[in-house]
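*Asks:* Protein chains in written order, with our numbering: chain A, -13 to 377; chain B, 1485 to 1861.
Rather than coming from a laboratory, the hints here were simulated on the basis of the structure. Be careful, since some hints might not be right.
Claimed, not checked - Derived contacts from chain B toward chain A, CB cut-off under 8 Å, selection only:
#1 Asp1486
#2 Lys1748
#3 Asp1775
Claimed, not checked - Think about it this way: if two alpha-carbon atoms lie no more than 30 Å apart in a straight line, the pair counts; the simulated DSSO-like pairs of lysine-lysine are:
#4 Lys1530(B) x Lys1591(B)
#5 Lys42(A) x Lys55(A)
#6 Lys1719(B) x Lys1510(B)
#7 Lys295(A) x Lys1498(B)
#8 Lys1854(B) x Lys260(A)
#9 Lys1700(B) x Lys1674(B)
#10 Lys1709(B) x Lys1674(B)
#11 Lys1854(B) x Lys262(A)
#12 Lys1748(B) x Lys1836(B)
All C-beta atoms, glycine included, are put in the ideal place defined by N, C-alpha and C.
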Amino acid sequence: MDFAFTPEEEAFRKEVREFVDREFPPKWREHALDFFSNAGGPYDEQWSLHRAMAKKLGAKGWLSLAWPKEYGGRNSMLLQHILAEELSYYRFPGLDPFGVGMLAPMLLKSGNEEQKKRHLPGIAKGETMWCEFLSERDAGSDLASLQTRAVEDGDYFVINGQKCWTTAAHRADWGFIIARTDPEAVPNYRGLSFFLLDMKTPGISIIPIANMAGESEFNEVFFDNVRVPKENLVGGKNRGWFVVMGVLDFERSCIPAYGIARRNLDDALEYARKTKPIASALRNRLAELIVECEITRLVHYRAIWMLDKGLIPNYEAAMTKVYGLEVNQRVTATVCQVLGHYGVLTEGSKWAPLDGQAPSRYLRSIGNTLEAGSSEVDRIVIAQRGLGLPR
Amino acid sequence: MDFSLTEEQEMLRKAARDFLATECPKKLVREMAKDERGYPLELWQKLSEVGWLGLIIPEEYGGSGASFFDLVVLLEEMGRACLPGPFFSTVVLGGVTILETGSDEQKQELLPKLAQGKLLLTLALTEPSARYSADGIQTKAVQENGSFLIQGTKLFVPDAHVSDYLICAARTKETGIPEEGVTLFLVDAKSPGINCTLLETVVGDKQCEVTFDNVKVPRQNILGKLNEGWSVLEKVLEKATVAQCAEMVGGAKQVLEMTVDYAKQRVVFGHPIGSFEAIQFNCADMLIDIDGCSFITYEAAWRLSEGLPATQEVAMAKAWASEKFRRVATISHQIHGAIGFCEDHDLPLYFKRAKTWEVNFGDANFHLDKIATMAGI
Ligand SMILES: Cc1cc2nc3c(=O)[nH]c(=O)nc-3n(C[C@H](O)[C@H](O)[C@H](O)COP(=O)(O)OP(=O)(O)OC[C@H]3O[C@@H](n4cnc5c(N)ncnc54)[C@H](O)[C@@H]3O)c2cc1C
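Modelling step: build the complete structure from the supplied sequences, incorporating the hints.
*Replies:* Structure (structure tokens):
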């Protein structure tokens, strides 16, 4: 075993930090949104910054680090992960988890040459932002029961129905969508197909939904005779489920939980150092969370290491997600507790510590154990696929 | 980064698992809990023959010169098997201390014998205060005519009843700063004035009370430098702590395997209980705990092996293993139902070890306190 980074990897991390230091506009630095809000695009001005920074990251070649050399990458999931870890730690915008973290690796695995040629460059340059249309109001954990239809019509598939909880749909240029192409299929997951969807296609209407932190990151989206050219079908008709399973594995291993959680924890530690003495129970709790963050980091690097070896982390990806985001949920709650009474003051109050962000991060963290598949589903994956327990 | 074992380590792991499967059945583990000595002499000789007593001893002193990480791989298997006997006290507590601080002469004298299975050692560190910090060392050693006289009581000393030498930490100078003035003595266990009593323990492992009543130790039996023993002990304790975590990781892995096997095969309401979600969630949590404990233990072991600072990682590993092995064992009992509650079931062997190993070298609270202090809070 070896827990060290190579000198090149260390140098890369340093380069990322210098980049962040140089490029982060001071105004935003102080009011930085975290990884989730950066990706969700709740505010116009913030989204413009997200896009501008994505282009800068693209220009450095940092949005395709994990790709094979022939597609302009450096063949290193580890470098991509180091980037995500650093950016999320500094709450730096510009990294699109849907395009960079999920769609690109999926296309490299299951897309055809034309699809790769057409869609990878926009992701690599930071020009195309993506969103993910999987869930519906009545199909979340039981995704295979989804009702949105896609019907063949000449050179097109025509999509009708509605998706829900689609993060950044109101911002994205493209989306990937799973829809039912065979309503008779038994079992039902054998009747699903996976498409790439230009968000400018007529017939798409989007209604943002404010989450409980008061931010509009996700949306309800309606499809009314939306025509998708057949070349945008990925993985073959009625084979969409297998594509989605891959997307989910990538999704679970692309959320940089350590960077997110450790930064939140560091805010609390810094505050606690200034306001000593703190209650011994809280001191213990903070120490526990330091350990939990380190374990989050290690469990995640295990999955990344597997990806670089050409293995697909499966229960390992689910563990990365469920553990890391549950840790973040515990961290955000503890941050508020460290602030005590001040932990209820929000942005705008002159008394609010930490820019008044602690309560909104705490509220937002309730979504952490639902998004990208709920914690319960992750535990089922670990139990059944990791430990081989019967279904 | 690399999350895999080397080929040699994989071989060592497999060899250890096979060896222990035949040489250390649970029947033996149970017998040894009641046995006065606590281990069969033949088993000790075999451990020497396969080269594991001298695993981390350099070749020049008759060992195989393997790394500390290799030892961790081996200890994980020993934890899995609940191996009884003085391996930990002799190889880790004794061997590591001598490697860290012994003079060349002392190493020449002691290490080859240790590797051959002809010398048993232990560390007499903790006292009735049961503290692993420097202020726990109250036993005194005073100089008299080129010798030292040791006076005090050591408690929770593993395997002292069979050890040839006790490495005793005693206070040789009072400066008001607990870390100063501690000296390590190599004490012949047969010296007049030593009295050793076995403690009654949960596991039936052999922990002792050792009293030193003006025990005379020649000056040349000092290990390392006079008054400077604590910094050596810190290093030894870091390794011992991680070694303990390795046993815990091994024990926890074995418990999970037993649990999953049982959950697949036990049928209730017409279904294997492993198909019930409540059971699956519990098993998933066990695996999360175990993977977390393994990686943090391996990280700490790797840092120690590479000679990197590891204080924080060691504390993290023990804080975590202490809580999680206990939790894993508790959940496993729930999943096993009443059958696992029987004294002659294997599961209690692990539950009891989880309790014992939790407190060795500091429990979770002890290490969390260290972590908080390091974080400046
Ligand atoms: C912040 C946020 C962002 C999101 N972004 C997107 C997005 O961009 N694109 C997208 O497609 N979706 C998105 N989602 C939707 C997300 O994937 C779903 O919320 C998730 O899959 C759960 O589905 P559900 O909300 O319908 O809950 P349900 O499936 O109804 O589940 C309700 C509860 O029942 C539990 N449950 C369900 N099945 C089982 C079972 N078999 N055993 C035990 N417990 C079970 C669940 O774990 C949960 O606790 C987002 C969600 C959130 C909160």
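*Asks:* All the hints need checking, so say for each whether the structure fits it.
*Replies:* So, going through the hints one by one against the coordinates:
1. Asp1486: At 4 Å from the nearest chain A Cβ, Asp1486(B) passes the 8 Å test, so the hint holds.
2. Lys1748: holds (6 Å)
3. Asp1775: holds (6 Å)
4. Lys1530(B) x Lys1591(B): holds (23 Å)
5. Lys42(A) x Lys55(A): Distance of about 20 Å is within 30 Å: holds.
6. Lys1719(B) x Lys1510(B): violated (34 Å)
7. Lys295(A) x Lys1498(B): Holds, at about 23 Å.
8. Lys1854(B) x Lys260(A): Holds, at roughly 19 Å.
9. Lys1700(B) x Lys1674(B): holds (11 Å)
10. Lys1709(B) x Lys1674(B): Holds: Lys1709(B) and Lys1674(B) sit about 24 Å apart, inside 30 Å.
11. Lys1854(B) x Lys262(A): The given pair, whose Cα atoms are some 16 Å apart, holds under the 30 Å limit.
12. Lys1748(B) x Lys1836(B): Measuring from Cα to Cα gives roughly 25 Å; hence the hint holds.
The structure shown violates just one earlier hint, number 6.
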